[in-house]
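J.: Dock chain B against the given chain A, drawing on the hints supplied.
What follows is each chain in one-letter form.
Number of protein chains: 2
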Amino acid sequence: MGLPMASHLLAAGYQISVFNRTRSRAEPLLEQGAVWAESAAAAADGADVAISMVGYPDDVRATHLGEAGTLAAAYPPQLLVDMTTSRPSLAVHIAREAKRRGVGSLDAPVSGGDVGARNATLSIMVGGVEEHFQRAQQLFEVLGKSVVYQGEAGMGQHTKMVNQVLIATNMIGVCEGLLYARKAGLDPLKVIESVGGGAAGSWSINNLAPRMLRRDFEPGFYVEHFIKDLSIALDEASRMSLALPGLALARQLYEAVNAHGHGRAGTQALLLALEQLNALQLSSD
Amino acid sequence: MGLPMASHLLAAGYQISVFNRTRSRAEPLLEQGAVWAESAAAAADGADVAISMVGYPDDVRATHLGEAGTLAAAYPPQLLVDMTTSRPSLAVHIAREAKRRGVGSLDAPVSGGDVGARNATLSIMVGGVEEHFQRAQQLFEVLGKSVVYQGEAGMGQHTKMVNQVLIATNMIGVCEGLLYARKAGLDPLKVIESVGGGAAGSWSINNLAPRMLRRDFEPGFYVEHFIKDLSIALDEASRMSLALPGLALARQLYEAVNAHGHGRAGTQALLLALEQLNALQLSSD
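If you're matching them up, the sequences are chains A and B in order.
Heads up, the first sequence is in the working numbering, so the first residue is 1 and it goes up one at a time.
Heads up, the second sequence is in the working numbering, so the first residue is 1 and it goes up one at a time.
Quick caveat, the hints were computed from the structure, so don't treat them as lab data.
Coverage of chain B stretches by chain A, computed from C-beta distances (three or more under 8 Å per stretch; other residues unrestricted):
id: 1; segment: 105-114
id: 2; segment: 163-172
id: 3; segment: 193-207
id: 4; segment: 230-239
Cβ pair distances, simulated, as ranges:
id: 5; chain 1: B; residue 1: 142; chain 2: A; residue 2: 260; range: 44 to 52 Å
id: 6; chain 1: B; residue 1: 248; chain 2: A; residue 2: 255; range: 14 to 22 Å
id: 7; chain 1: B; residue 1: 114; chain 2: A; residue 2: 21; range: 52 to 60 Å
id: 8; chain 1: A; residue 1: 58; chain 2: B; residue 2: 114; range: 46 to 54 Å
id: 9; chain 1: A; residue 1: 215; chain 2: B; residue 2: 68; range: 49 to 57 Å
id: 10; chain 1: A; residue 1: 119; chain 2: B; residue 2: 142; range: 40 to 48 Å
id: 11; chain 1: B; residue 1: 114; chain 2: A; residue 2: 101; range: 52 to 60 Å
id: 12; chain 1: A; residue 1: 55; chain 2: B; residue 2: 215; range: 37 to 45 Å
id: 13; chain 1: A; residue 1: 32; chain 2: B; residue 2: 276; range: 54 to 62 Å
id: 14; chain 1: A; residue 1: 142; chain 2: B; residue 2: 11; range: 46 to 54 Å
id: 15; chain 1: A; residue 1: 260; chain 2: B; residue 2: 276; range: 31 to 39 Å
id: 16; chain 1: B; residue 1: 141; chain 2: A; residue 2: 235; range: 48 to 56 Å
id: 17; chain 1: A; residue 1: 279; chain 2: B; residue 2: 28; range: 46 to 54 Å
Once the Cα atoms are required to be at most 25 Å apart in a straight line, the calculated SDA-like pairs of lysine to any residue come out as:
id: 18; chain 1: A; residue 1: 145; chain 2: A; residue 2: 12
id: 19; chain 1: A; residue 1: 190; chain 2: B; residue 2: 89
id: 20; chain 1: B; residue 1: 145; chain 2: A; residue 2: 210
id: 21; chain 1: B; residue 1: 99; chain 2: A; residue 2: 185
id: 22; chain 1: B; residue 1: 190; chain 2: A; residue 2: 130
id: 23; chain 1: A; residue 1: 183; chain 2: B; residue 2: 129
id: 24; chain 1: A; residue 1: 145; chain 2: B; residue 2: 193
id: 25; chain 1: B; residue 1: 228; chain 2: B; residue 2: 59
id: 26; chain 1: B; residue 1: 183; chain 2: A; residue 2: 96
id: 27; chain 1: A; residue 1: 190; chain 2: B; residue 2: 121
id: 28; chain 1: B; residue 1: 183; chain 2: A; residue 2: 130
id: 29; chain 1: A; residue 1: 228; chain 2: A; residue 2: 217
id: 30; chain 1: B; residue 1: 183; chain 2: A; residue 2: 243
id: 31; chain 1: B; residue 1: 145; chain 2: A; residue 2: 188
id: 32; chain 1: A; residue 1: 190; chain 2: B; residue 2: 239
id: 33; chain 1: A; residue 1: 228; chain 2: A; residue 2: 211
id: 34; chain 1: B; residue 1: 145; chain 2: B; residue 2: 4
id: 35; chain 1: A; residue 1: 190; chain 2: B; residue 2: 119
id: 36; chain 1: A; residue 1: 190; chain 2: B; residue 2: 130
Here the structure is a predicted model, which means the values were calculated and not measured.
Using N, Cα and C, we set each Cβ at its ideal position, and we do this for glycine too.
So that you can see chain A by itself, here it is in the shape it has in the complex (with noise of 0.2 Å):
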């Protein structure tokens, strides 16, 4: 997703510096006026903002705090903005280290995936003190089409965490109202008209429930990362001390579709969980 995003930001006319392990990947950004740079900590350097998209909260933490990392490179009055899906707790100890160093720091993850990446529709839920989302806002405004303050360090990942719940929970309902009206015989197509615009409509039965029925699990965002982002929710709500039974049976069947070798697929691949249990195909491929 940074591809799509760094690019947005060069076509808006900021200048970029961009580092990525796998230099290819970043080529169409060179292409496009970024300049490259060997190391995250390189590409910080002499930045206004230093922003990190990346997969894990160990590959945000090495971004950042880590021995080539922005924070090495860091100075006054930089910002360090992470727009990866991570631990709320890590999002406040860089925010510490950073301080600690007279620099600002953010936690702005983003929902909207692929696609909202590439048309600047994301979702942005920032977390950090005020007066820094105040001088990054500009910059979150080039990439989503809803910018939100929502808080201190950490409410940005908060945020990100009720998205992945809802979405999570959500899904078991799609999964299994399909289930059903296959096992009844139903047209799902017709199931949908009727129910999809009311108090039962959500997103994911307009948008990912046709997919499943073309068996269509390509990922707009894989298995395996919401695994991740399900983990880190339930292990923030045990912290706080805090049940939420449908949160854990959505990530002990998430859990499932990962065993089955489907780590890749898109979310919608719950179904696929779902199917084996019920040993039950809802359509042909």
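T.: Quick look at chain B alone, frame taken from chain A:
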């Protein structure tokens, strides 16, 4: 819901005989020109179409198959239409009994609640013989904005069950997401602003979550009626050898809402069960 629905039909020029267990509740219709009948049979006597909107499957059975039920007065080419949310197997049974008398029947449950009934914006899901559907289509279009023929007898009810599966499971996610937001120290309304328009979006997060935050548990739809529906859906799923773990969890949580004395609250009162579970309150009264 029968009251506003019958009122729309009167306003559209249809002549109506009406029966209700409590006559006083039918008064507004009598003032509008409806004729009082002393039983379902008397109301149906001589009518082209006999429509029921009652509470539970037992009421549906009594209304159509009981001693003073519609079928006792039915003659071809009358059409019996049940718009209650009820058992698919009962709809099949009524269709069979009606057919033996040369009479048609449709199951045509609705979604959209009180508001949909008042505004004639219901979604109507219809099962039965397609030719009978065509005969009743004009009536349905007075009552709803989405009228979809779903297949043979019982298929309207099955479609409504899918609707309830979707609502119930998603409601778990909505409640858990709000409680997570609360525990994390977020402003839930700002969170909804970030997540309600994207892949996590649903009718419930955008319409019911704000009510939960105001502790407005007024019924659009009663918990006790919802439990009836979820029980029917689980019974039917079991009959079809279909495991629906998300729906089973939802039903258990709704039983807990009922156990706490909130059977006459609205479905958004699921929050109360998850608050109890966590010894937590989302917001003050």
